[in-house]
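Given the sequences, and given the hints that come with them, work out the whole structure.
In terms of the numbering used here, the sequence shown opens at residue 14 and continues consecutively.
Rather than coming from a laboratory, the hints here were simulated on the basis of the structure.
None of these values were measured; they are calculated from a predicted model.
Hints are not guaranteed to be accurate.
Unchecked claim - Capping the alpha-carbon separation at 27 Å, the derived lysine-lysine pairs in BS3-like fashion look like this:
#1 1134 x 1068
#2 623 x 1021
#3 221 x 150
#4 733 x 623
#5 1058 x 1068
#6 775 x 221
#7 56 x 775
#8 756 x 733
#9 230 x 290
#10 1134 x 1058
#11 150 x 220
#12 623 x 775
#13 632 x 150
#14 1120 x 1039
#15 756 x 818
#16 756 x 713
#17 290 x 303
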Amino acid sequence: MGSQILQEVEFREDSERVLQTVALQEPVSLRGRIDGNYNTTQKSTTDVTVGSGTTVNASSPGALQLLADRLTVTIEGGSLNSSGIRNAAILFGDDAYWTDFYNYGSHYDGTVTFTGANASLSSTVSNCINAAGIVGKNLTVNFSGAASGSGGITFKASNGTGRGNFASGITADENLTVNGIFGGRIDSSLNLAGIASFATVYGLQAKKNLTVTEEIKGVISAVASNASSSTAYGVYAGGTLSGHFGGTVIASAQNNAYGLYGSSLDIKVSGTVFAGKSDSATTAASLTEKLNNFNANKNELLQLSAGQNAIYGKGSVTVSSGALIAGNINLTSGSSNLTISSGARIYGNVTGYGNVALKFNIGTLLDTPVISTTAAGIFGSSSTAYALSLNNAQSGTYLLVSGAAADSLGGKIFTVTLQNQSANLAVGSSYQFTNGVSAALSIVNNTLQLVVSGKEGGGGGGDDDDTTSPVLNGLPGANTSRNNVIVSWNPASDDTGVAGYYFRYGTSSALSGNGITVSDTGYLLENMSNGTYYYQICAFDAAGNMSDWSAAQTFTVDYDPRSKVAYDVPEAEYMYGCLATAVGMMLGYYDRYGYMGYDVSNVINGTVEKNSRGLDGNKYNMNAFDTVMGSAIASREHVSHFYETTPEAELPYTYVGDSITLNTAEWNCIADYLGTNQYWRYNGDLSTSFYPDSTLASIKDANWEETITSGSTSKTIPPKYIDVKYGLELYLEQAGYQLDQVKTASHTTDNAGGTFTFEDYKAEIDAGRVVIIGITEHAMVGYGYDDATREIILDDTYDHDCRMKWGGTYYYSGEERQLEDIMTVVFDTTGLSQAAVPVNHDLNGDSRSDILMANSSGYAGTWFVQDDAPVWGNLSTLSGSWEILGTGNATVDGFSDVYLYDSAGHNVGAWVVGADGQVQGWEGIANFDSATQVLGLGDFNGDGISDLLLRNLNGAVGGYYTDGYEWTFFQSLGNEWNIAGIGDLNGDGIDDIVLQHEAGFSGTWLVKENGTVSWANLDTLDNGFKIAGTGDFNGDGVDDVLLQKGNYYGAWIVKDGSVSSWMGLGTAEDGNVLEQIGDFNGDGVDDLRVRTAAGDLGALCVMGTDKLEWNYYGSVGSEWKTSLAATV
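Here you go:
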């Protein structure tokens, strides 16, 4: 069967879309759900559900390939199997290569949710490179419902012969979050059959942070054998590794094995962690079986684990009673806390460097030492602090450390605590507490032992009669900064004193376990993955009594380490030259959004599209002449004059007659002015020239000349004719603008022998300026950077949001190309006008709100409000189910644009309105499903562009940021809440959301730039009043809340998000219906535009307290709809 796209779907009674079951030999594009047997890669650009009876067998790049960002795969069961070079069972991206050495293709953020109790993923490579269960950029893997804690879920990644081999159960280029309880198996293995090659294998891998929010109870293994050089990591995090590991973690390799590895650690271990050497017969199954019967295989296992690292990194490590650690605990340089409960068994050396705190929690009696070592010393740092907690102890002898290291502890001082008492206890001495309990430390037969006497029964510790539980004082709160969160709370109360707190968090509201033990009234969560988290606290006392858990609270992390210019640079099709295309996108950005606050909206003729690339289905054919951007970069006339023509044919379009005067009268596009494709300006087809390390001034002042010859014709010209900077100046001069003569310059980058640095590049972006990036024989547009990775964020003239390491290379047109230069373009702003601050509903830029209307035939227009009679202006015609949604700002040109909503297709778009109040173009914005309500418009990220406020039928409320086409979740609301208005209630330039409860009280979500919201109380509505919208009724620049009771209007005057005073506005006549809030007389105070029962339109202008002044504009018939809803 040939390649096809399955578009026919059937609907079951549960409304899930099901693909027809067919035997496919080629990739397909999925929409919805997979059920059936397939022998091909399944590709999708939408969320996918895998049915419980599904089997997919595929070769590279994977069984299931997701080709868009932030998609979700829901797995109810089934089997996804992939084989071949560079493959993954589930791949979020276009290539499964994920090593640190190369970057084939790009990976996307994604979510995989397991809901069924049985599922398997397998990835097999028979010769070379990568095999993985799941590969992506930022990954979230959820285990919920029947999948939570299930042992029926298996991952298998295995690799065969070859060189340069890698295998991983799950790999994230950046961050990996595991939610729920994983009880299955992840087995990653390499067996290279003695081939001389290297191998690296991971069970779980995140190149940045790896977070387990609940617990790993299953088996995670990484086994490498038969390689000349091999390394295995059970769980690896290049940044922070955090979570609870209660199952079995295995790492086995011929060279180096690491069980749990993180640059920073915040982990609890209550299960088994093994790190050891491998041989030709080593498998995950054989090691699991031996570990399950540890005592019988102890000698063999410890021989393998000698010198290997079961736990590696710095930070916080808790080893609970019942844990088994086979291998070293290596705490690297920095500050670390290692807490070990008696009843744990550690077979290996414990080493640490920097500030290390070692604490033993004494509670469970065993006849084996907690730590069995071979090295002479435990820690390599003299700054180690030793502590013992006896709160849960009972009388008996506790074996703490045995082996050569025990003797090195002679003379060490341990801080011993029991309830609220503490003492310093030297090895070889004893101490008696006031309640009669005594503790003695000594070294006997190379074993450090603790003898506790005077305690009975164990368990609670402290006062056995204490049965009173602590009481929490209020709810915890969270403060988010970037991707770090500080959770804090008030001290709890207890009759004998609070010993500490349990803090737990996760992405599911169903939190379980005690989580993290905290001694203070706060906890810092660092480098958190994006998402919404639930958290709770519980206090406990020395007797083990616990308070009730606090009600679950939430915080949201939405952090992007990238920094970009304020708006999205328009995407243009490559049009007959990379430098002309790049300059065109730069100018399109300034035309659309202004230059550093200045209005330059006519720098390109027409309304610049957000994306004019590949509208005909082919982004490579240079055929975007029918778009504003495409024709502005290279017109049809330019192509006929200069592309694939002879020098003789070009000459009359370059110079006037026999002179060297540029023939600008023949030019009509950017490429004309820049000299692109022009032989007589030193350029071949598709090329544009410049002089490196030169300013615009130096090129114009150059005292040499260049001679260009063809046949018997020669032209001797100044070098400025050749340089792109001068051509750009000519283009901007005809549009009425000037360039800074010195700051507009070409700079060689520091990696190529010049002086322009990454910091210089960042300064341009931070100033709001787009730059031109030069790599070997290609130009691109730079508009952002990632400070964490020192990457440039760019458009390479074919694809958007691409990245390149500063000083590195970029893969373009079949080869790696070196970064070489940056061109900065700086306007001379002398005489430029600041971009206008828009007034709501102002369609012609006169600082007065206007009146939109449409009749029953779909004919739409505007009354432009003036001091006398309004002036009519045509807009366009509404067709089908399209209707006016409201006015907002699709651009920052100072004029409101008209937003439309298609109630049948659930589409949103905008008529882009120009300075004359006429429609200049159309902009498609979004399409939503039938479960999503579009409530209104507001600027929720402060970029000057209107966003959409959405509410899902399940109660989720959020903003759809139209400049970047991104959804941001705010909070969820029950049906008892009504969204009553949108406005900026705290003057931060970001719109907030006014909420009214059915019981009468109200408040606002104050929206922050990062998309998080905080609650602020407003007031309780008196009987009969309702919230009618928002507007600025006292002229202070902050929106207030309009209230209405019958015909009477008043306002809560708002300051910093809270009600500061009441202002009566006045009473309207009977029959007046409020339709619009806006400034209709241009005095900076919002007014009330109403319609009478007779069809009269006018404004009740707010002239002070309880003073409304009527302005009549005209009358319309009943066929005209004039309501621009004051409420959303």
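Now for the hints, and whether the structure bears them out:
1. For a cut-off of 27 Å, the pair hint linking residue 1134 to residue 1068 is broken: about 35 Å separates their Cα positions.
2. Between residue 623 and residue 1021, the direct Cα distance comes to roughly 25 Å. Compliance with the 27 Å bound is thereby established for this hinted pair.
3. This hinted pair checks out: residue 221 and residue 150 have alpha carbons roughly 10 Å apart, not beyond 27 Å.
4. Distance check on the hinted pair: residue 733 and residue 623 sit about 32 Å apart at the alpha-carbon level, beyond 27 Å; violated.
5. Proximity of residue 1058 to residue 1068 is assessed by CA-CA distance (about 23 Å); at most 27 Å being required, the pair is judged to hold.
6. For the suggested pair residue 775 and residue 221, the alpha carbons sit about 23 Å apart, so the restraint of at most 27 Å is met.
7. With a C-alpha separation of about 37 Å, the suggested pair residue 56 and residue 775 falls outside the 27 Å cut-off, and the hint is violated.
8. Using a Cα cut-off of 27 Å, the hinted pair residue 756 and residue 733 holds, with the two alpha carbons roughly 16 Å apart.
9. Between residue 230 and residue 290 the CA atoms are separated by roughly 24 Å; this keeps the pair inside 27 Å, and the hint holds.
10. Distance hint between residue 1134 and residue 1058 is fulfilled; the C-alpha atoms sit about 24 Å from each other, no more than 27 Å.
11. A threshold of 27 Å between alpha carbons decides the hint, and for residue 150 with residue 220 the separation of about 9 Å falls inside it, so the pair holds.
12. At most 27 Å may separate the alpha-carbon atoms for a hinted pair to count; residue 623 and residue 775 meet this at roughly 24 Å.
13. Pair hint residue 632 plus residue 150 holds up; C-alpha atoms about 26 Å apart against a cutoff of 27 Å.
14. The suggested pairing of residue 1120 with residue 1039 holds, with an alpha-carbon distance near 20 Å, which does not exceed 27 Å.
15. For the given pair, residue 756 sits about 25 Å from residue 818 by alpha-carbon distance, which is consistent with the 27 Å threshold.
16. With a C-alpha separation of about 14 Å, the suggested pairing of residue 756 with residue 713 holds against the 27 Å cut-off.
17. At most 27 Å may separate the alpha-carbon atoms for a hinted pair to count; residue 290 and residue 303 meet this at roughly 14 Å.
Violated hints for the displayed structure, listed by number in ascending order: 1, 4 and 7.
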